[in-house]
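Given the coordinates of chain A, assemble chain B onto it according to the supplied hints.
As given, the protein sequences belong to chains A and B, one line each in that order. Going by numbering that gives the first Met the number 0, the first sequence opens with residue 0, and the numbers climb by one from there. Going by numbering that gives the first Met the number 0, the second sequence opens with residue 0, and the numbers climb by one from there.
Hints are computed from structural coordinates only; laboratory data are not their basis. Don't take every hint at face value.
Stated by the list, open to error - Covered, in the sense of this in silico footprint (three residues per stretch, anywhere, with C-beta under 8 Å from a C-beta of chain A), are these stretches of chain B:
(1) 18-25
(2) 28-41
(3) 51-63
(4) 88-99
(5) 147-160
(6) 311-321
Even for Gly, the Cβ is constructed at its ideal location relative to N, Cα and C.
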Amino acid sequence: MAHAHKLEILRGLIKFKSNTQKIWGVLVLLTIVTSVEVVLGIIKPEALSGHFLGMKILNWIFIILTLVKAYYITWDFMHMRDETPALRRMVVWTTIFLILYLLFILLQEGGYIQEVYTSGYLKRDF
Amino acid sequence: MLLMGTTVVNTGTEGKTWGGGNQPLKASYGKMMMWFFIVSDALTFSGFLAAYGFSRFKFIETWPIADEVFTHVPFLHGQELPMIYVAFMTFILIMSSVTMVLAVDAGHHLNKGKVTIYMFLTIIGGLIFVGSQAWEWATFIKGDFGAIQTKGGNILQFVDNNGHRVALRDFVVAGPHERERLDRNEGVWFMSEGTLPTYTVEEVVSGLESHENILVRTQDINEHGHKTILSREESLKQIKLNGKHVVEGANLHVNEYGSPLFADFFFFITGFHGFHVFSGVIINIIIFFNVILGTYEKRKSYEMVEKVGLYWHFVDLVWVFVFTFFYLV
Numbered sequence: 000m001a002h003a004h005k006l007e008i009l010r011g012l013i014k015f016k017s018n019t020q021k022i023w024g025v026l027v028l029l030t031i032v033t034s035v036e037v038v039l040g041i042i043k044p045e046a047l048s049g050h051f052l053g054m055k056i057l058n059w060i061f062i063i064l065t066l067v068k069a070y071y072i073t074w075d076f077m078h079m080r081d082e083t084p085a086l087r088r089m090v091v092w093t094t095i096f097l098i099l100y101l102l103f104i105l106l107q108e109g110g111y112i113q114e115v116y117t118s119g120y121l122k123r124d125f
Numbered sequence: 000m001l002l003m004g005t006t007v008v009n010t011g012t013e014g015k016t017w018g019g020g021n022q023p024l025k026a027s028y029g030k031m032m033m034w035f036f037i038v039s040d041a042l043t044f045s046g047f048l049a050a051y052g053f054s055r056f057k058f059i060e061t062w063p064i065a066d067e068v069f070t071h072v073p074f075l076h077g078q079e080l081p082m083i084y085v086a087f088m089t090f091i092l093i094m095s096s097v098t099m100v101l102a103v104d105a106g107h108h109l110n111k112g113k114v115t116i117y118m119f120l121t122i123i124g125g126l127i128f129v130g131s132q133a134w135e136w137a138t139f140i141k142g143d144f145g146a147i148q149t150k151g152g153n154i155l156q157f158v159d160n161n162g163h164r165v166a167l168r169d170f171v172v173a174g175p176h177e178r179e180r181l182d183r184n185e186g187v188w189f190m191s192e193g194t195l196p197t198y199t200v201e202e203v204v205s206g207l208e209s210h211e212n213i214l215v216r217t218q219d220i221n222e223h224g225h226k227t228i229l230s231r232e233e234s235l236k237q238i239k240l241n242g243k244h245v246v247e248g249a250n251l252h253v254n255e256y257g258s259p260l261f262a263d264f265f266f267f268i269t270g271f272h273g274f275h276v277f278s279g280v281i282i283n284i285i286i287f288f289n290v291i292l293g294t295y296e297k298r299k300s301y302e303m304v305e306k307v308g309l310y311w312h313f314v315d316l317v318w319v320f321v322f323t324f325f326y327l328v
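For reference, chain A alone in the conformation it holds in the complex:
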């Protein structure tokens, strides 16, 4: 059985010789990203506590790093890199679109209720 694996990650920046080697390479990458997250989570640098688009810069960094990890788990561990573009788009685009929609609606609504609690006529501090 011939299984063709694409052995490049980071747009061809790193090329692996075999599929096994690629797996270990991706593990190293995931470990580095997780370590960065943990270190940032422990020290919480003051410099990153500014806000950007209504959220702390540090939180944006965490979310972006999480998406990076999700990409490599899906693309290399789940072999999405080797599937046909049609299958990939069916799975990835559908999920991402629906999740963004859900997040927008729920977070928007949560923020609205918070506003009612703080500036409305509700008392919660007793």
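Showing chain B alone in chain A's frame:
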């Protein structure tokens, strides 16, 4: 094409794209169905995490700070080590994902021995993860410092002059209690209650009065991102005026770390994820035995390992998000 003559009706699409027998996605039925299951399960988890975000945005000014909640590591009692244990759990799960993908790779080479070893390591990794999660739950449920819940449902915690947390047991003396826990065999058969707190609110008040250095910390987050600490007078006033219950640990109703919703979502989301890991381990064990028995050797295809692998990686994928939204952000 009417070679067979007679009653066979042809559609005229034989050999064309929609004539059947085509695999446009170049993936087997089973693998595709696993992918579509994963899509729907991903949406379920996103629903939970988005609901968590909703509740958090609702109480953004008083939400518990995860770093202060999950500070325990087994065998290192009494030390505050935020993130370390959960980072270990994350690493274990990523590691077991790696052994799984190595098993899939060995399966492509029809290497039964290697598939067996890697499947075994994957199962061990899964078990360590589920065990760690059980420990995390137990620690969370048991609690550490104890707190007072007000009439409005807010949580008041205790700190010393330097802002370090102080446990109830360090300054409150439990007196003789008249109330006994109501159990089913004590009264009416359908009436019972949970474990009673070690202390009463009055005992906490007198403990606070006799310890000059102890202050009350509210759930409000100030502009520096820390919880607000009240002055000594304000602390006594708050506890005396509003203190209603003593809370030790967390369950679905009360939570000494802050908003009960935090505990509810913690139990629900990590519980649902833990259930996925558990069922993943069970499925992995079944496949492991099939590998040993040579089922896939006879089939000349280890695709079952690949399908189970997809599920296992998905469980890892979900944990990456749970880790971010529960422990980091």
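Hints versus structure:
no.	hint	verdict
1	18-25	holds (count 3)
2	28-41	holds (count 6)
3	51-63	holds (count 9)
4	88-99	holds (count 7)
5	147-160	holds (count 5)
6	311-321	holds (count 6)
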